[in-house]
Amino acid sequence: MILFLDILTTVAILFVVTAGLMMIFGVMKIVNFAHGALLTVGGYAAYVVTQLKLDPWLSWPLALVTGMLAGMVVESLIVRPLYKRPLDAILATWGLGIVMGQLIVIAFGREVQFVDAPIKGTWSIFGVDYSAYRLLLIPVACGLWATMTGLLNGTRFGVKTRAVIMNEDLARGLGIHSGRIRFITFSFGTGLGTLAGALITPLSSVDPNMGLNWLVSAFMLVMVSGHSMASLLVTCLVFGTFQVLVNTFVSPVLGGLAIAVLAAFTLRMRPKGFANG
Amino acid sequence: MVNAHATTELERDGSNPQPKTAKRRLPFLGLIGLVLLLVGPWLFDTYLLNILVKAYFLAIVAVTVDVLWGYTGYLTFGQSAFFGIGAYAAGLVFTHGGLTPGNVFLALGIAVVASVAVAWLVGWLSFYREASPFFATVISLVLPIVFVQLLLSGGTWTGSSSGLTGYETFDLSIEAWYWIAGSTLAVVSLLAWVVVRSDGGRLLAAIRDNESRCSYLGIDTAKVKTILLVVTAVVAGIAGFGYGSFSGVAAPELGGFVLGTELIIWVALGGRGTLWGPLIGAVLINVITAYLGSSMPFAWQLILGAAFVLVIVLLPQGLVPVLLRPFGLGQYAVHEPALVSRPLKMQSNAIPEMPALVMDGVAKHYGHLKVLEGIDLKANAGELLGLIGPNGAGKTTLMRCMSDGAERSSGTVSLCGNDIRKLPPDQCAKFGLGRKFQNANIFETLTVAECLRIAGTIRERPSLVRQAATLALPQYALDVVSTTGLDKKLGVAAKDLSHGEQQALELAMVLAQEPRLILLDEPTAGLTKTERTQIGHVLSSLAHKYKLCCLLVEHDLDFVEEIATRIVVLHQGKIVMEGSFADVVNSELVKTIYAGSSHAMQDPV
Numbered sequence: 081m082i083l084f085l086d087i088l089t090t091v092a093i094l095f096v097v098t099a100g101l102m103m104i105f106g107v108m109k110i111v112n113f114a115h116g117a118l119l120t121v122g123g124y125a126a127y128v129v130t131q132l133k134l135d136p137w138l139s140w141p142l143a144l145v146t147g148m149l150a151g152m153v154v155e156s157l158i159v160r161p162l163y164k165r166p167l168d169a170i171l172a173t174w175g176l177g178i179v180m181g182q183l184i185v186i187a188f189g190r191e192v193q194f195v196d197a198p199i200k201g202t203w204s205i206f207g208v209d210y211s212a213y214r215l216l217l218i219p220v221a222c223g224l225w226a227t228m229t230g231l232l233n234g235t236r237f238g239v240k241t242r243a244v245i246m247n248e249d250l251a252r253g254l255g256i257h258s259g260r261i262r263f264i265t266f267s268f269g270t271g272l273g274t275l276a277g278a279l280i281t282p283l284s285s286v287d288p289n290m291g292l293n294w295l296v297s298a299f300m301l302v303m304v305s306g307h308s309m310a311s312l313l314v315t316c317l318v319f320g321t322f323q324v325l326v327n328t329f330v331s332p333v334l335g336g337l338a339i340a341v342l343a344a345f346t347l348r349m350r351p352k353g354f355a356n357g
Numbered sequence: 004m005v006n007a008h009a010t011t012e013l014e015r016d017g018s019n020p021q022p023k024t025a026k027r028r029l030p031f032l033g034l035i036g037l038v039l040l041l042v043g044p045w046l047f048d049t050y051l052l053n054i055l056v057k058a059y060f061l062a063i064v065a066v067t068v069d070v071l072w073g074y075t076g077y078l079t080f081g082q083s084a085f086f087g088i089g090a091y092a093a094g095l096v097f098t099h100g101g102l103t104p105g106n107v108f109l110a111l112g113i114a115v116v117a118s119v120a121v122a123w124l125v126g127w128l129s130f131y132r133e134a135s136p137f138f139a140t141v142i143s144l145v146l147p148i149v150f151v152q153l154l155l156s157g158g159t160w161t162g163s164s165s166g167l168t169g170y171e172t173f174d175l176s177i178e179a180w181y182w183i184a185g186s187t188l189a190v191v192s193l194l195a196w197v198v199v200r201s202d203g204g205r206l207l208a209a210i211r212d213n214e215s216r217c218s219y220l221g222i223d224t225a226k227v228k229t230i231l232l233v234v235t236a237v238v239a240g241i242a243g244f245g246y247g248s249f250s251g252v253a254a255p256e257l258g259g260f261v262l263g264t265e266l267i268i269w270v271a272l273g274g275r276g277t278l279w280g281p282l283i284g285a286v287l288i289n290v291i292t293a294y295l296g297s298s299m300p301f302a303w304q305l306i307l308g309a310a311f312v313l314v315i316v317l318l319p320q321g322l323v324p325v326l327l328r329p330f331g332l333g334q335y336a337v338h339e340p341a342l343v344s345r346p347l348k349m350q351s352n353a354i355p356e357m358p359a360l361v362m363d364g365v366a367k368h369y370g371h372l373k374v375l376e377g378i379d380l381k382a383n384a385g386e387l388l389g390l391i392g393p394n395g396a397g398k399t400t401l402m403r404c405m406s407d408g409a410e411r412s413s414g415t416v417s418l419c420g421n422d423i424r425k426l427p428p429d430q431c432a433k434f435g436l437g438r439k440f441q442n443a444n445i446f447e448t449l450t451v452a453e454c455l456r457i458a459g460t461i462r463e464r465p466s467l468v469r470q471a472a473t474l475a476l477p478q479y480a481l482d483v484v485s486t487t488g489l490d491k492k493l494g495v496a497a498k499d500l501s502h503g504e505q506q507a508l509e510l511a512m513v514l515a516q517e518p519r520l521i522l523l524d525e526p527t528a529g530l531t532k533t534e535r536t537q538i539g540h541v542l543s544s545l546a547h548k549y550k551l552c553c554l555l556v557e558h559d560l561d562f563v564e565e566i567a568t569r570i571v572v573l574h575q576g577k578i579v580m581e582g583s584f585a586d587v588v589n590s591e592l593v594k595t596i597y598a599g600s601s602h603a604m605q606d607p608v
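As they're listed, the protein sequences go chains A and B.
The C-terminal residue of the first sequence carries number 357 in the working numbering, and the numbering is unbroken.
The C-terminal residue of the second sequence carries number 608 in the working numbering, and the numbering is unbroken.
These aren't lab readings, by the way, just hints derived from the structure by calculation.
Some hints could be false.
Stated by the list, open to error - Which bits of chain A does chain B cover? Going by a derived footprint, with three or more residues having C-beta under 8 Å, they are:
| id | stretch |
| --- | --- |
| 1 | 249–260 |
| 2 | 270–284 |
| 3 | 337–344 |
Said to hold, decoys possible - Below are the DSBU-like pairs computed for lysine-lysine, each with C-alpha atoms no more than 30 Å apart in a straight line:
| id | chain 1 | residue 1 | chain 2 | residue 2 |
| --- | --- | --- | --- | --- |
| 4 | B | K548 | A | K109 |
| 5 | B | K548 | B | K491 |
| 6 | B | K226 | A | K109 |
| 7 | B | K498 | A | K164 |
Claimed, not checked - Partial list, computed: chain B residues near chain A (C-beta under 7 Å):
| id | residue |
| --- | --- |
| 8 | F108 |
| 9 | L111 |
| 10 | V115 |
| 11 | W303 |
| 12 | Q304 |
Ideal Cβ positions, reconstructed from N, Cα and C, are used throughout, including at glycine.
My request is simple: use the sequences and hints to build the entire structure.
Below you can see the structure in the form of structure tokens.
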């Protein structure tokens, strides 16, 4: 039973962590290498809330807004000029990640810090006591998925975004302002990145390198899933399960690598990943 | 990887007035380096010498990163892992086995073998058809992370997070180490410089500019990149062995991905695609880090990160070339070989008596949509086949099915008697197929002469050390080059040619590979009347004089009438008619389907 809950919560966490990356990858076709630093920023947003003795729930909106603001600045100053040089764009986001990491070190120091979770203790479910906050992340992930799917499939903005994802030149020809779509999705994606950071910190702790641990797994999941939210969910489900199983039955060290290694081989055998069913 | 690199290659315009001075000044820079290398121990104190030895070993890895990224376009964060493998080979063997002459060779051997094995695996995982450059980069990021995790789980055997320290190593003076590290760096840089400048080395830039063109020219780019990765991995592994032996420390950081990213930063700041830029960048940044890093560690990293972002956005060619430009450095000496004719080589794979092309029951589906169905087509040497049909009839798809084994959904295709099965384009090219695309598909930053030489790679492998004084092409390719005036522009970068010249260049490139069957997708589109006549003469002589089989998709029916020996009409994915031009034009069937009216064909546009 615990194993089952472990799997579900791990999948939820993976989905939360990759959603923002996916959003940016889908529209801009670039992998945002600053994603790790964004997770860290989100973690420190939660830390600030804890330090100011505010209600821990406030850390979520604070992280989201911080990330979106940062995303707006970054998109207009750094990503936009590199539109025609995608490999340079990911390098620039990487450099940005370094800058953000160093700023955090200067502001908060290198020490590991802890934050308050919005809800504490355990819930009894199916006869086992399980961390309440981990369980909370399952509905959060579902809500995030529903919101993003709804946004993409049910709104005008979503239709335009999907048009840009499928064929940017054609979309522009039809009068869709693809630059604005990129701007909005990038800032939205960075906002989701910091939000994810704030969501996952109560599970462990914050330190300036916390984002790095998630970065590679998140990259691989996005590469495998292509660019639909549904396939991302499926990918997280498959790889999350695999990771928990390796963690439990083989060794935690290998569990940390499970996603990256399995994803690399999956893509080698099936280059399209899970994108087409 | 097209367009991924904007202006990384320095301008190589033929009109540049400075190449002669550059030729004299680059060796001058090398001379300064050699003098520094020789007299260093008397100039610098022990502390600085210590830093320089480490910096030199790291600069060797930076040079390999530049070859992979700056020249070949493969952005890698993984070279640090090979450095770590080398360092740990030294650390592990000397810790557990002690320092004996046998163990030195053992450690060096392990460093080389392990690097080769890992690089081969990474190459296999990263380079295959349809693999995006992002994917290769992400894999390169996974490599050092996996490597470090394995080290951390190695317990006392690998020393876990603190690594291995205090093992016995070579009893050499710091001066000796300085000379060893410096001369290794000099040798590696010199070798890299010779190779990237050689005729064969330009293939790396060709892969960076346009990988798919390489593959349609019969070059197995995945293999080239994997071999390159293996070679650079060995170099990085040996550098790591040197570092581990010198410092007496093998720590996980040496193979970690932070170092991997730092290497990228040094190369980017130094100036990718120049070799000496990354070399200077790596050494300088290491020295500055050693001095500033202790007094203001965070601020220095912040400055470095910010400088990196600025350079990537504003100065993609890097800082060092910009700083040195006033001294006339960084200009390329344009090399213009003399053109000579070469006799046609024996076709190794093509079987001469067989028809050039046989398609049998070829079909292509996208889900339920049938783009091609039941295509049976045969074409012989010396034929000039015109493939016509309204837009959306499947003409270009048909060409794709001939030139890439993975394209069709069913049926068989054989080229000059070879079944193409599911083979990739480079194999189809080896069976004697040449494909000219609709939009000029060339190597943008290469000169005309370099494009032509790379195009002939499967017939005449370019040297990896020399720049040949002559460029040998088959006579018909020479004819194209001289009738279109390209022979006067051999030193011009392909991207600076006019549209018509680029089309002619691509045709000459396809001919340089000596195909038996040549596919042309709308060769006259966008050409002037003179150019159109020229290309008509060229194609006729290819078919009639040199007995090539030419297959062209064309909308210009006048042009088709002038040169084609047979017409094939494609409509809604099926061949509806075959015959002479007169047969086809007078056919009621064709008149109705071609434009939906019976008047269209009588007045061809």
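Hints, one by one, checked against the model:
no. : hint               : verdict
1   : 249–260            : violated (count 0)
2   : 270–284            : violated (count 0)
3   : 337–344            : holds (count 4)
4   : K548/B with K109/A : 49 Å, violated
5   : K548/B with K491/B : 26 Å, holds
6   : K226/B with K109/A : 26 Å, holds
7   : K498/B with K164/A : 16 Å, holds
8   : F108               : 32 Å, violated
9   : L111               : 28 Å, violated
10  : V115               : 24 Å, violated
11  : W303               : 9 Å, violated
12  : Q304               : 5 Å, holds
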